[in-house]
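A.B. asks: For reference, the chains in residue letters:
There are 2 protein chains.
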Amino acid sequence: MVRLVDELARLPGIGRRSAERLAFHILRSPRDHAMTLSRAIADAKQNVRPCRVCSNLAGAPGDPQGSMCSVCGDPRRDRAMVMVVEQARDLIALEQTAMYRGVYHVLMGRLSPLEGVGPGDLTTADLLRRVDEPSANDPAGGAPVREVILALNPTLEGDGTAMYLAEELSKRGVKVTRLARGVPTGSQLEYANKAVLADAIEGRRPME
Amino acid sequence: MVRLVDELARLPGIGRRSAERLAFHILRSPRDHAMTLSRAIADAKQNVRPCRVCSNLAGAPGDPQGSMCSVCGDPRRDRAMVMVVEQARDLIALEQTAMYRGVYHVLMGRLSPLEGVGPGDLTTADLLRRVDEPSANDPAGGAPVREVILALNPTLEGDGTAMYLAEELSKRGVKVTRLARGVPTGSQLEYANKAVLADAIEGRRPME
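Residue numbers (the working numbering), protein chains in the order written: chain H, 1 to 208; chain G, 1 to 208.
A couple of the hints might just be wrong.
Where chains are identical, the list cannot tell them apart; a pair therefore holds if satisfied intra-copy or between any two copies.
Unchecked claim - Only pairs whose alpha carbons sit at most 20 Å apart, straight line, appear in this in silico SDA-like list of lysine to any residue:
#  : residue 1 : residue 2
1  : K45       : V176
2  : K171      : E208
3  : K45       : L57
4  : K175      : L11
5  : K171      : P206
6  : K175      : R146
7  : K171      : L11
8  : K194      : E95
9  : K175      : E208
10 : K45       : E133
11 : K171      : M207
12 : K194      : A98
In short, the hints are calculated from the structure, not lab data.
Model the full structure from these sequences, guided by the hints.
C.D. replies: The following block contains the structure:
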């Protein structure tokens with residue numbers, strides 16, 4: 001019991017008290033619930049690996065695509081459009097909009113000169129290879145990349161990473177775009193900060 | 001003392017306890033501080049009125065422009081560009097970006113069919129008149145309006161108001177734009193909601 005509490009308390013955002021509450025819950029619940037949870041954790045750790053095309057999470061047990069993620073394995077996705085994200089969690093958030101029909105590329109981080117993270121620590125080379133040789137990693141044959149959408153976080157390091165990638169990609173003659181920046185839908189202008197309002201004025205668009 | 005507490009407690013966001021604390025502070029502070037505050041409140045109420053051009057707050061005591069606000073009274077502002085906002089507080093937030101050199105129009109609210117607010121309850125007619133006859137209200141002579149930027153709140157009612165105004169304005173052949181909508185600078189994509197991410201994908205822009 002003490003070991004379970006210790007292990008649970010190492011999860012992010014779970015303090016000692018929460019860990020105790022979770023541990024008691026697990027002890028009180030039916031045996032097969034606890035075993036299912038136990039197995040799910042072990043399986044995830046053993047079977048989930050990066051997609052060999054885009055580095056998204058892939059390889060859930062029974063996944064028919066083997067070492068490809070569910071997006072890259074879906075023949076209906078448009079392989080000519082690649083959206084670059086920092087991490088798989090961003091991809092999940094973007095997928096929830098259900099409006100993007102292209103594929104992704106997960107960088108596995110962002111450039112951070114202060115923390116010593118350079119292009120070699122990310123999947124940058126894989127991204128450039130996808131543009132240079134679309135069929136190299138993709139058993140589905142691939143398609144020439146027409147547009148790369150940089151969907152990095154709108155932060156200092158995200159912007160720096162986007163600038164670096166834009167330079168590398170535009171050398172290759174591919175169209176490079178970035179997500180729109182401005183006021184978030186549903187918000188109030190009077191509470192928006194200066195940088196957000198400046199982006200919104202600068203990027204204003206014709207009313208359609 | 002009880003009356004002062006009562007009056008302070010009627011201000012928004014000030015509860016009974018805060019009102020008591022403020023009242024004690026006023027009683028303890030030097031006489032001239034309290035009188036200055038008292039006069040400032042009375043003066044504001046007596047002297048501040050809507051700018052006769054744009055309906056922004058105007059007429060602070062000693063204001064050389066008389067019944068014009070400080071933006072409309074500034075000859076360096078570009079009168080050919082009019083940014084439409086719901087209320088003066090939005091104008092103040094937008095001015096803090098220090099990047100907009102045009103003038104404003106304060107609607108004094110937004111269209112709200114549910115609350116019975118129609119175009120006649122706002123300064124819509126004044127806005128259209130500014131476009132139709134630029135010199136009518138403006139002692140500086142005015143200038144033909146080239147662009148109207150709709151800077152309404154990115155909400156359901158703000159959008160409805162923007163659509164109504166865009167229709168009225170485009171009949172008059174003036175260019176109509178709206179603020180950019182997307183991910184707010186400094187935020188994290190993984191925490192953005194679906195609507196914000198959908199706007200950001202839809203409005204993506206070429207990397208410059």
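A.B. asks: All hints, please: hold or fail.
C.D. replies: Evaluation of the provided hints:
1. K45 / V176: neither (35 Å within a copy, 54 Å between copies)
2. K171 / E208: Between copies, since 14 Å is at most 20 Å while 33 Å is not.
3. K45 / L57: within (11 Å within a copy, 61 Å between copies)
4. K175 / L11: Answer is neither: 41 Å inside a copy and 54 Å across each miss the 20 Å cutoff.
5. K171 / P206: Cα proximity of K171 and P206: across copies only (15 Å, versus 31 Å in one copy).
6. K175 / R146: within (6 Å within a copy, 32 Å between copies)
7. K171 / L11: neither (43 Å within a copy, 60 Å between copies)
8. K194 / E95: For K194 and E95, only the inter-copy Cα distance (9 Å) is at most 20 Å; the intra-copy one is 29 Å.
9. K175 / E208: between (24 Å within a copy, 11 Å between copies)
10. K45 / E133: Neither. Shortest intra-copy (31 Å) and inter-copy (70 Å) distances fail the 20 Å Cα cut-off.
11. K171 / M207: Between copies only: 13 Å across, 33 Å inside.
12. K194 / A98: Close across copies (9 Å), not inside one copy (31 Å); limit 20 Å.
Against the hints set out earlier in the document, violations occur for numbers 1, 4, 7 and 10.
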